[in-house]
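Residue numbers (my numbering), protein chains in the order written: chain Z, 1295 to 1555; chain R, 25 to 487; chain L, 2 to 454.
None of these hints come from the bench; they were simulated from the model. Virtual Cβ for every residue (Gly too), placed ideally from N, Cα, C.
Result set (DSS-like, lysine-lysine): computed pairs, CA atoms no more than 25 Å apart in a straight line:
1. L/Lys14 - L/Lys195
2. Z/Lys1364 - L/Lys328
3. L/Lys428 - L/Lys281
4. L/Lys197 - L/Lys428
5. L/Lys8 - L/Lys417
6. R/Lys233 - L/Lys349
Covered stretches of chain L, as calculated for chain R (at least 3 residues, CB under 8 Å):
7. 225-236
8. 240-250
9. 303-310
Read off the chains here:
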Amino acid sequence: MALKARTQEYLKQAGKPADQSGVAASVRTSSDRKWGMVIDLDRCTGCHACEAACSAENNIPVVGAEQCHKGHAHQWIRVERYWEGNYPNVKARFMPILCQQCGNAPCEPVCPVYATYHNPEGLNVMVYNRCVGTRYCGNNCPYEVRMFNWTEPAWETPLDQQLNPDVTVRGKGVMEKCTFCVQRIRRAEEQADADGRDLEPDEFTTACAQACPPKAIVFGDVNDKRWSVNKKREDPRRFTLLEELGTEPSVVYLKALDDEA
Amino acid sequence: MLDTEHFFDNPSDIVESDEVASSLRTIMIRPGVRRRGLLFFTTLLCSVLVIAAGVVVWFWGYPAQRNNPGFWHFSLISMLFWLSVTQGMVAVSAILRLAHASWRYMLNRVADVASLFGFWVFAILPFLVVARGRIYVLGASAHSNNVWRTAGSMLFDSLAIGTAYLAGWMLLYLTSIPDFGALRDKLPADSKKQHFYRRIALSWQGAAKQWRTLRLAEGVMVFGVIVSFVASQTVQGWDFQLASARDWDSSIFAPLYTVGSLLGGLALTALVATATSHAAKLPNLVTSLHYDNLGRFMIGLGLVWFYFRWCDYLTAWYGNIPEEWALQNNRVTAFPILAAVMVIGCFVVPVFGNMFRAIRTSPVGLCTISVCVLIGLAVQRFLDTVPTFAPNYPLSALIPSAATILVFAGLSGMFVLTYLVAARYFPVVSWWGLSKRLSRMHESTLGNGSVDVMLEDPPIWET
Amino acid sequence: MGDMTQKSEDINKDLTRGVLQTTRSWWMCFLFFGTVLAWGTGCFVWQLVHGIDVYGMERPNYWGAPIINFVYWAGVALSGTMISAILRLLHAGWRRSITRMTETLTVCALLVAGLFPIIHLGRNWVFFWLVPYPNERGLWPNYKSPLLWDATAISVYLVSSVLFWYSGLIPDFAVLRDRTTGWRHELYSMLALKWKGSDREWKRLRGVSAILTVMIIPVFVSLHTIVGWDFGMSIVPGWHESIFAPYFVCGALYSGAGAVLVIMCLVRRAYHLEKYILPKHFDNVAKIVMTIGLLWFYFFAGDAWSDWFTEDPTHINWLVYLFGGYKWALITLAFFGMLVPLVTLPFKRLRTSPWAMLAVGVSVNIAMFTERIIVVVPEASRSWLAWGDYTPTWVDVSITIGAFGLFGFLYTLLSKFIPLVSLWEFKEGEVVDAVVTVGNAQVPVTVREEAIG
Chain Z
1295 MALKARTQEY
1305 LKQAGKPADQ
1315 SGVAASVRTS
1325 SDRKWGMVID
1335 LDRCTGCHAC
1345 EAACSAENNI
1355 PVVGAEQCHK
1365 GHAHQWIRVE
1375 RYWEGNYPNV
1385 KARFMPILCQ
1395 QCGNAPCEPV
1405 CPVYATYHNP
1415 EGLNVMVYNR
1425 CVGTRYCGNN
1435 CPYEVRMFNW
1445 TEPAWETPLD
1455 QQLNPDVTVR
1465 GKGVMEKCTF
1475 CVQRIRRAEE
1485 QADADGRDLE
1495 PDEFTTACAQ
1505 ACPPKAIVFG
1515 DVNDKRWSVN
1525 KKREDPRRFT
1535 LLEELGTEPS
1545 VVYLKALDDE
1555 A
Chain R
25 MLDTEHFFDN
35 PSDIVESDEV
45 ASSLRTIMIR
55 PGVRRRGLLF
65 FTTLLCSVLV
75 IAAGVVVWFW
85 GYPAQRNNPG
95 FWHFSLISML
105 FWLSVTQGMV
115 AVSAILRLAH
125 ASWRYMLNRV
135 ADVASLFGFW
145 VFAILPFLVV
155 ARGRIYVLGA
165 SAHSNNVWRT
175 AGSMLFDSLA
185 IGTAYLAGWM
195 LLYLTSIPDF
205 GALRDKLPAD
215 SKKQHFYRRI
225 ALSWQGAAKQ
235 WRTLRLAEGV
245 MVFGVIVSFV
255 ASQTVQGWDF
265 QLASARDWDS
275 SIFAPLYTVG
285 SLLGGLALTA
295 LVATATSHAA
305 KLPNLVTSLH
315 YDNLGRFMIG
325 LGLVWFYFRW
335 CDYLTAWYGN
345 IPEEWALQNN
355 RVTAFPILAA
365 VMVIGCFVVP
375 VFGNMFRAIR
385 TSPVGLCTIS
395 VCVLIGLAVQ
405 RFLDTVPTFA
415 PNYPLSALIP
425 SAATILVFAG
435 LSGMFVLTYL
445 VAARYFPVVS
455 WWGLSKRLSR
465 MHESTLGNGS
475 VDVMLEDPPI
485 WET
Chain L
2 MGDMTQKSED
12 INKDLTRGVL
22 QTTRSWWMCF
32 LFFGTVLAWG
42 TGCFVWQLVH
52 GIDVYGMERP
62 NYWGAPIINF
72 VYWAGVALSG
82 TMISAILRLL
92 HAGWRRSITR
102 MTETLTVCAL
112 LVAGLFPIIH
122 LGRNWVFFWL
132 VPYPNERGLW
142 PNYKSPLLWD
152 ATAISVYLVS
162 SVLFWYSGLI
172 PDFAVLRDRT
182 TGWRHELYSM
192 LALKWKGSDR
202 EWKRLRGVSA
212 ILTVMIIPVF
222 VSLHTIVGWD
232 FGMSIVPGWH
242 ESIFAPYFVC
252 GALYSGAGAV
262 LVIMCLVRRA
272 YHLEKYILPK
282 HFDNVAKIVM
292 TIGLLWFYFF
302 AGDAWSDWFT
312 EDPTHINWLV
322 YLFGGYKWAL
332 ITLAFFGMLV
342 PLVTLPFKRL
352 RTSPWAMLAV
362 GVSVNIAMFT
372 ERIIVVVPEA
382 SRSWLAWGDY
392 TPTWVDVSIT
402 IGAFGLFGFL
412 YTLLSKFIPL
422 VSLWEFKEGE
432 VVDAVVTVGN
442 AQVPVTVREE
452 AIG
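With the rest of the complex left out, here is chain Z (with noise of 0.2 Å):
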């Protein structure tokens, strides 16, 4: 239940009245929510920015290079590079590739633990505390955006000084994923609720977003028609992701367009 919802509820009980929490009674709850994202492969020129973005804001570890090169790389949102042709001739295209929220997840019934699971705003939600670490959700994500631990993270001082308070650190033998920035997300819709208002469109976004210089990573609420990021999913360009596996992602990628030779 929604954090306005629950205190209505409280507060009905407790037989105070409504709105001396402060709550508008026409705010929308969280559930009526949905959360996507377009990426647009137009403008996205590869530049890695994303990637350094979501380190920072959620305290994922820096491995190594030795992790790297075992295939332990650890990363929730990765530019993928493809090479099309042959030199002189020679194209580039990137596509960042981060969790897609599957709205028919192929990683949720194979938990043992009910570790991840999909909440009411169309999130793929982790749960750290809960991951017993077999990893069949990591096997079964058909786009492997799901990272494990597979050591300790740790921070070498003073590198541990600029960790998020708002994201948990996790442990080795947990699995872990991009969340669509969920903390952001939980901080704006906390704030709203104290200031007695409904999100406004574009009022946050998530670290990839906001780092990225074309603004190729447009993010929102899918449900709420003022926010930017329902204009770009109409765009004609708009592909998902292995649509054949029927994971009903949420994330809607741009084609890039060719120039015309």
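For chain Z, the structure is supplied; the task is to place chains R and L on it using the hints.
Leaving out everything else, chains R and L in the frame of chain Z:
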């Protein structure tokens, strides 16, 4: 004290003895065609059906129905159904030989004769080729989910099917040699018939050495039959392995259909054996012991069939890939009654019906169960393939019409005719098997109990 | 009658010698396996400290040696049930000498197998969250997950195997109780449950046996079906196959039958049971191995063919990897699992030779272990959008060897407490089996108890 008077007698000699000769007289070859009686009318009816089906197929179906998937589909699955159950019968006979089941003697020849259906397969092979080709064209051309996407050559299918039937013929011929010898001896010397049997009996005298050779040959052919049966059903299964989603095949399809063929073969063996015992007027031919064991075998096969079917369904359901699940689900939602018939016929009836001793050991009970099994298997073939046409053709086009039902009837007529024609030329019930059973089965007392004792030859692999 | 008593005494002496006397070679075996186990445990502790990083897995391949070992040992665990339950249902009298040692094989293998889901976890110390117990947070495990079906199936199979094994042991515990003193006498008195060998007790034992025999068969079929569904229910190309359930059951039976051959030969040699485990036993088990091997090959070929048939890159990738980088695994599988059995098992002289059959059993197990590698690694390594590899580290290898050490340790330990040939079953066989002269022939005759059902 065991009565050993006839234990070591040569089965070929027993055929002559008074005790068994009387019961064998009814299997004697009829010299001429009798124009009365149930057998005659059955023969006539089947022949008419076969000819009518042939006419319908080649003079109406082939030109006029080129683009009607329903006609080709139903005809194709009818042919495949009969192909699979006849090969299944031969495989059941081979398995019983391999397992050295003491009750197999009466059923072996009856089941082996089904391999003669292979001669009909030569006749329907052109139709099979055309039907298969049309299905691939009609299915693949308009179909977006890539189901009927390989119109591969018919070579492997023909090879596999042909080898399986060939192995069945060899097994049938080799195990009939003692009976050909007996026929050669019974018929008047120097008649044309006697000459024929003398040639195919291959100087069979019933000597011990000849029996050993026969058993060795039987052992080799049993192995050949089982391998070729599995290969044949598997190749047919792979042919129609059916992408359950784009580029995804259901890998259990081939084993599922192999087991289904075995189950169908078992059911049809029970039916044919019962029919034969009535036609030959030998009520003790197939005893409650046979029905009991056939029923138990059916329980096992029914369980395995359901297990494979459930694997197929569960894999698609859990994976939840839209196209794959749509196909699986469509089978049930578009034809709920048929789906129920299939599961009831192939699983519920044989497994739970056969758990009751009273049903399992009675001819009526087991034959009813067998009929349900065969219906279930036929429906299975229909259900597995029809939904693959669903988005592109209306279901009404795929419901069997009068013509396709006639095709099925013609194929059934072919099967019945196989037995009726074969029975004119050699005993459909094994004489030497019968005499072996009669001579070697003795009731003796062991302590307080009365025990049926049968002296067996050593297993084939110890020959 | 007197003859039988003397014979019974001889049998007792022969078969309880292993329990009542401890030889130096037993101690050496015990210490050897104990050392290997200690090494394996040390590696596990190393894993606890350093995390799953110590294994050689690379994204997208998240499952490695622990899962491979789990599937392998669960497969070996099928052996005892097959011998005891299935052969009992088929009234195969020759099973009597080998039921106990194979049931013990099952129990030990299951204990090893059951450890691996715990070893493979990222946070092993909270493995008990997979157990449905009421808690203040109101959390239950997810029964839609095949891993939960796994946990359930293993537990049920473990409990039923132990019950099966134990119920058959009671009369033998009574024999040992009557022949020991001191702490052993106390132990066996407790385990023998006041068994006196009266008719009523035997009748009850047979009843329990009959029920367990029939019930354990669907349990073990479902266990390996569910292990197969761990992979079959995923959407990974190469794993999402409908054939996995029977394929895994067949593979399990194959490796289990091979393990039976190994155990038969080793126990026979270790305890000098040449009079009890005869060449014909090896012959019969070898025939089982051959038949199951052919069936297994059929399912394996069907599985590989299906993906080749699709001609789709996503599904071919793992096959290409298998025939490319992993071809050593395929060759091992073909050589040890298909070629060796095919050239040895058709020959009766080899089938009846214990040491030849030991070699075949070891060969089959090597092949089936490789098969588990083939089932787990190439498919997971070739996902849609990411490719990885799997290079076993010393921890992978040590855990595997440690598992064998644990198994050997448990088996050696148990052989000190239980006779590895079932005394009462063997004696029963001596009584109900006879040879009768019919004409010139000697005919083996068995008086059978009533068939089940």
